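Q: Sequence:
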Amino acid sequence: MKLYSYNHKLAESVWWNLFLLTLGGLLTAVCIQSVAAPHDFLAGGIMGVALLTNYWTGTLTPLVWYAMICVPIYLFGWFFVGKRFLLYTAYGTLCTTVFGFFINFTIPLQSELYAAVVGGVLHGAAGGLMLRTLGSGGGTDVIAVVLKDRWNFSIGQFNVIFNGLLFLLGAYRLPFDLIVASMIMMFISSNALEYVLGMFNRRKLVFIISDHGEEISEAILVTERFGATMLRGKGAYSGSDREILLTVTNNIALKRLENLVFSIDRNALFIVENTFYVSGGQFARRGR
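Using the working numbering, the first residue of the sequence shown is number 1309, and each one after it goes up by one.
Take these hints with a grain of salt, some might be off.
Label pairs and their in silico Cβ distance ranges [stated by the list, open to error]:
1) Met1507 with Leu1476: 32 to 40 Å
2) Leu1331 with Asn1499: 17 to 25 Å
3) Leu1402 with Ile1572: 24 to 32 Å
4) Lys1456 with Thr1537: 25 to 33 Å
Treat the hints as calculated values from the structure; they're not laboratory data. This structure is a prediction, so every number in the text was calculated from the model and none was measured. We treat Cβ as the ideally placed atom computed from N, Cα and C, and that holds for glycine.
With the hints as extra help, turn the sequences into a complete structure.
A: Rendered as structure tokens:
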């Protein structure tokens, strides 16, 4: 419980959130200024709109356009989303824009494929860090949250539709090779984002089916101090009642838990699934 209390306080800490948003803003600025813009790549969301606007007009910089486009979105979001979420998000956007004024180097990559890989890793890591805070990376995240909260419109569906239209529009300005390279960058970005977002929250979901569920649950609470939930089931073939235990653990304690279960019931069924994200209970919770 002490570890949970510490993790919960850290996740809620203003300074920790500002640190992650600052680091995420720095990585985003490096991605755009040093990789994406020099290679004429597109990104997803409002950042993609900013890049396309910069390519078409040849004025300002992509990050300045990004900040300008985000302002009316945040004003709109002020009336519909949590103020804390919006202020953290605005801070992340500010960091990205400010860092952009100081980053004037280009990562020396000649191959568009290599540039797409590096840009995708930077962009995804930045987005993952920002989403691990009580805010987000900004841009379409605010619109997506409003649509989700008010009209139950899927965030994933919105992003797919928005980015699909953006890339179709970009095809009128950019060579098809660059569109493909941009899509590769965004594919890598989405995977890097998921990895970073779940890096500290990945757990093992364990189902234990046994005739000695009560005894196993007591042993788990005493020796492992995990939370456990008792479910009631019925064998489809035997028709006998079964006790199903559900608990969440980590890689380190998984083998120890397995040994504990089979020391009590050698005939138990021990099922393990990977979980992408666990929040609440004895685990740190991300609020908005």
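Q: Give a verdict on every hint.
A: Cross-check of the supplied hints:
1. Met1507 with Leu1476: 32 to 40 Å: About 33 Å separates the Cβ atoms of Met1507 and Leu1476, which means 32 to 40 Å holds.
2. Leu1331 with Asn1499: 17 to 25 Å: holds (19 Å)
3. Leu1402 with Ile1572: 24 to 32 Å: violated (56 Å)
4. Lys1456 with Thr1537: 25 to 33 Å: holds (28 Å)
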